[in-house]
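A.B. asks: Chains as they are written, first to last, in full-length UniProt numbering: chain A, 1 to 633; chain B, 1 to 102.
Derived by calculation from the structure, the hints in this document are not laboratory data.
A few of these clues could be false.
Said to hold, decoys possible - Among the chain A residues that face chain B by a calculated CB cut under 10 Å, a handful are:
1) Ile20
2) Lys27
3) Leu28
4) Ser29
5) Glu31
6) Tyr34
7) Arg35
8) Leu42
9) Leu89
10) Met93
11) Ser97
12) Arg104
Said to hold, decoys possible - Below, a list of computed lysine-lysine pairs in the PhoX-like style, where the Cα atoms sit at most 25 Å apart:
13) B:Lys56 - A:Lys44
14) A:Lys330 - A:Lys302
15) A:Lys330 - A:Lys347
16) A:Lys27 - B:Lys12
Said to hold, decoys possible - Pairwise CB distance ranges (calculated):
17) B:Ile85 - A:Asn226: 53 to 59 Å
18) A:Pro114 - B:Glu39: 15 to 21 Å
19) A:Thr105 - B:Thr24: 28 to 34 Å
20) A:Pro114 - B:Pro53: 26 to 32 Å
21) A:Leu89 - B:His19: 30 to 36 Å
Computed from a predicted model, the values in this text were never measured in an experiment.
For glycine and all other residues, C-beta sits at the position ideal for the given N, C-alpha and C.
Residue strings, one per chain:
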Amino acid sequence: MDAAQAKEIWSGLARAIDEIHNQDASKLSFEELYRNAYNLVLHKHGEVLYSGVKASVQKHLSAVGARVAQKPDSELLAEVSKCWCDHQLKMVMVRDSICMYMDRTYVAQKKEKPVYDLGLQIFRETIWEKEEVRGRLQHILLDNVLKERNGQLIDRSLMKNVLAMLLEIGQDGSQVYERDFEKQFLQSTKDFYRSESLDYLSRNSCPDYINKAERRLNEEHSRIINYLSSTTESKLMQIVETELIQQHAKTLVEMENSGCISMLVDDKTEDLRNMYDLFCRVPSTVDVLRDAVSSHVKKTGKGLVADQERVKEPLVFVKGVLAMRDKYDKIIEVSFRAEKKAAKKLKEAFETFINADSRSANYLAVYVDELMRSGLKGVSEVDADERLDKVIVIFRYLQDKDVFENFYKTHLSKRLLAQKSISDECEKSMVAKLKAECGYQYTSKLEGMFNDMSISRECMDGYKRDGRGGSSSAGGGSKVEINVDVLTMGYWPSQGAPMCQLPNEVLSVMRGFENFYLTKHTGRKLAWQTSLGTSEVKAVFGDKKHELIVTTYQMCILMLFNTQKTRTLADIKLATGIPESELKRHLISLCTPKHRILKKASKGKSISADDSFVFNSEFSSKYKRIKVPLWRR
Amino acid sequence: MADEIKGDSFVKLVSAEGHEFFVTRQVACVSGTIRAMLEGGFAEANEGKITFPEIKTAILEKTIQYCHYKMKYNGASVRIPEFPIEPEIALELLMSSNYLDL
Chain A
1 MDAAQAKEIW SGLARAIDEI HNQDASKLSF EELYRNAYNL VLHKHGEVLY
51 SGVKASVQKH LSAVGARVAQ KPDSELLAEV SKCWCDHQLK MVMVRDSICM
101 YMDRTYVAQK KEKPVYDLGL QIFRETIWEK EEVRGRLQHI LLDNVLKERN
151 GQLIDRSLMK NVLAMLLEIG QDGSQVYERD FEKQFLQSTK DFYRSESLDY
201 LSRNSCPDYI NKAERRLNEE HSRIINYLSS TTESKLMQIV ETELIQQHAK
251 TLVEMENSGC ISMLVDDKTE DLRNMYDLFC RVPSTVDVLR DAVSSHVKKT
301 GKGLVADQER VKEPLVFVKG VLAMRDKYDK IIEVSFRAEK KAAKKLKEAF
351 ETFINADSRS ANYLAVYVDE LMRSGLKGVS EVDADERLDK VIVIFRYLQD
401 KDVFENFYKT HLSKRLLAQK SISDECEKSM VAKLKAECGY QYTSKLEGMF
451 NDMSISRECM DGYKRDGRGG SSSAGGGSKV EINVDVLTMG YWPSQGAPMC
501 QLPNEVLSVM RGFENFYLTK HTGRKLAWQT SLGTSEVKAV FGDKKHELIV
551 TTYQMCILML FNTQKTRTLA DIKLATGIPE SELKRHLISL CTPKHRILKK
601 ASKGKSISAD DSFVFNSEFS SKYKRIKVPL WRR
Chain B
1 MADEIKGDSF VKLVSAEGHE FFVTRQVACV SGTIRAMLEG GFAEANEGKI
51 TFPEIKTAIL EKTIQYCHYK MKYNGASVRI PEFPIEPEIA LELLMSSNYL
101 DL
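The following block holds chain A by itself, in its conformation from the complex (with noise of 0.2 Å):
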């Protein structure tokens, strides 16, 4: 085959491309366009070949470029659409038909570009790249999506295909969508997002504002799957969330009336987890939320410690921290997703506004005493196994657990002692439960404190059973009987408190416990703690005869009255030897208007130091037995 035959060949060939430019393929034969392609290449002549088609493709897209440039702006976006999708198709057919052969060899021997891609960059430089299509195009698609959102209906399918045309153009390194279209779109993204929730915020409360915001990240990536270009969408949701989260963030969650602060005060649990929803797109922020709960938590607790200094009513601190503690544990499940990270802020909150006050672990073990003493009167088993295991949940956030140890035990020895405990089950679930946070260790000398006080009971079955322990025993005829508790020094909480002087009949009696105790037990040492005692003794007011309950320190200043009607402060402090705060606070309990046993000379609630008593001969009571409450300082 020679050059003029290939020529001849080939004006065939191109008069055929031309057809299929026209629309008009139907009526030719593939074969008859292959063969002859084939023979052309297959003779060497695939030079005339790909040159050819280069040129006439060229020849066709100028002219669609000219066409395509008249148009007016209203029309460009379909025309450059459809002139796409023409390109798209004829060049299919070119390729199949009449190179299909040359692709597989010739191109692929001369590594030249296959005829399709050629075709692409041939669109690209002779459509796309001409001026007057280009600079208008850009505007209009970016002018599309700011319609879009604005609120305006547009056609997605217009702009997919158009946009899906400058990603193809663009694969042979040009990088068309990039450089012509996603630089531009993402500023304009930017500055758009970045007035939009400038203005949006300076006008809606914040609840609206979350709302408005995961609108409009919906609405961008609706954007994405609908006609940008995926790889477009990292890019995108991250200037939007910069722009509308991340920027924001603090003010969002500092806003007053409406941030997160009011958020927690009011309860508003599913605007804080929209809130927290949304914060977690750009999860730097989420440490914001999260610290302005933690902050606002201690801010509280704060408030609730100061709170008792003027209440002094340990109760309400520690139902005010347990009702805390349920309501930020409904946040975090809720509004959180019961997140760890913000779990563990919560708790280091509660932490340090409990910590900060050592005061929390005495409010925390006063309550406990009030559940023991009454609290749990009455309540079911279930019911104060909840209870007690709040009071663990507190106790958990104690870091001093010794400091806490020491309140209980102070507690736990005057209602063992006073035999005030409501119930033993519950008293000892509640050292079950302390030992189960904190070991055996933490619990001994509590364990060792009931221990004492059923080894006590069975010391006195004996001391009784002996014979000495009666009022009508053959020891002395002794008209006291007395109830002792051995105590094991180091268990129980030290009291610095010196034995008092105690009436000649109790010591006789406290003689014969002696000798009884010491001849089982020999060499152990006892010590009487006159200070915790309570004693009962039979009072004669006029005609009248009562049994007064009472300490054992008032027990000594009574007996006192039997032989004086009168006595000064200092004569009692004498006799006695009761410490002086201690003796005050024993003896104006016994001048309450209630249980006016002794009368003071003295005008007032206090005691002046040369105040003197005298025993009310007067007083009345519709109850036989009087128990009469210490003063509590």
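Use these hints to put chain B onto chain A, whose structure you have.
C.D. replies: Leaving out everything else, chain B in the frame of chain A:
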């Protein structure tokens, strides 16, 4: 028209001597060239008939046999028997299979 040429419909392959072979579409499409011819928007796709003025009957027949052979054993796990080729037609067969992208 479009309905006839899908599935198991037959297409007509015509040799240089005018001999007509009826082959199922599926078998014919083993050849990349024939498949492109039947799927492109050209005359062949409409008519379901392809004429090969440069392929002799004997060669076209052998080519079609090969299409059957290839379809049967492509990806098969059984032992694949040899495809017999007579030496005197070997060169022409090679040319045509290059042409037909087999």
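A.B. asks: Give a verdict on every hint.
C.D. replies: Going down the list of hints, with the structure as the test:
At its closest, the beta carbon of Ile20 (chain A) sits 9 Å from a beta carbon of chain B; the interface hint therefore holds under the 10 Å criterion. Against a cut-off of 10 Å between C-beta atoms, the interface hint on Lys27 (chain A) holds, since the closest Cβ of chain B lies about 6 Å away. For the restraint placing Leu28 (chain A) at the interface with chain B, the shortest Cβ-Cβ distance is roughly 5 Å, inside the 10 Å limit, so the hint holds. Taking 10 Å as the C-beta contact cut-off toward chain B, the hint placing Ser29 (chain A) at the interface holds, the least distance being around 5 Å.
For Glu31 (chain A), the interface hint holds, the least distance from its beta-carbon to any beta-carbon of chain B being 5 Å, beneath 10 Å. With a cut of 10 Å, the hint placing Tyr34 (chain A) at the interface with chain B holds, because the nearest CB-to-CB distance is about 6 Å. The beta carbon of Arg35 (chain A) is positioned within 10 Å of a beta carbon in chain B (closest approach about 6 Å), and the interface hint is therefore held. Checking Leu42 (chain A) against chain B by beta carbon gives a least distance of about 8 Å; that is within 10 Å, so the hint holds.
Here the hint on Leu89 (chain A) is kept, as its CB sits about 8 Å from the closest CB of chain B, short of 10 Å. Annotation: Met93 (chain A) was flagged as interfacial toward chain B, and the flag holds, the nearest CB pair being 6 Å apart, inside 10 Å. A cut of 10 Å between beta carbons decides the hint on Ser97 (chain A): the least distance to chain B is about 6 Å, and the hint holds. Satisfaction of the interface hint for Arg104 (chain A) is found here, the shortest Cβ-Cβ separation to chain B being roughly 7 Å, below the 10 Å cut-off.
This hinted pair checks out: Lys56 (chain B) and Lys44 (chain A) have alpha carbons roughly 24 Å apart, not beyond 25 Å. In summary, the hint linking Lys330 (chain A) to Lys302 (chain A) is supported, as the alpha carbons are separated by about 21 Å, within the 25 Å threshold. For the given pair, Lys330 (chain A) sits about 13 Å from Lys347 (chain A) by alpha-carbon distance, which is consistent with the 25 Å threshold. Note on Lys27 (chain A) and Lys12 (chain B): the hinted pairing holds, with a Cα-Cα distance of about 18 Å set against a maximum of 25 Å.
Distance hint check: the CB atoms of Ile85 (chain B) and Asn226 (chain A) are about 55 Å apart, consistent with the given range 53 to 59 Å. Distance hint check: the CB atoms of Pro114 (chain A) and Glu39 (chain B) are about 18 Å apart, consistent with the given range 15 to 21 Å. At about 29 Å, the CB distance of Thr105 (chain A) to Thr24 (chain B) agrees with the hint of 28 to 34 Å. The hinted window of 26 to 32 Å between Pro114 (chain A) and Pro53 (chain B) holds, with their beta carbons roughly 28 Å apart.
Checked against the hint of 30 to 36 Å, the pair Leu89 (chain A) and His19 (chain B) passes, with Cβ atoms roughly 35 Å apart.
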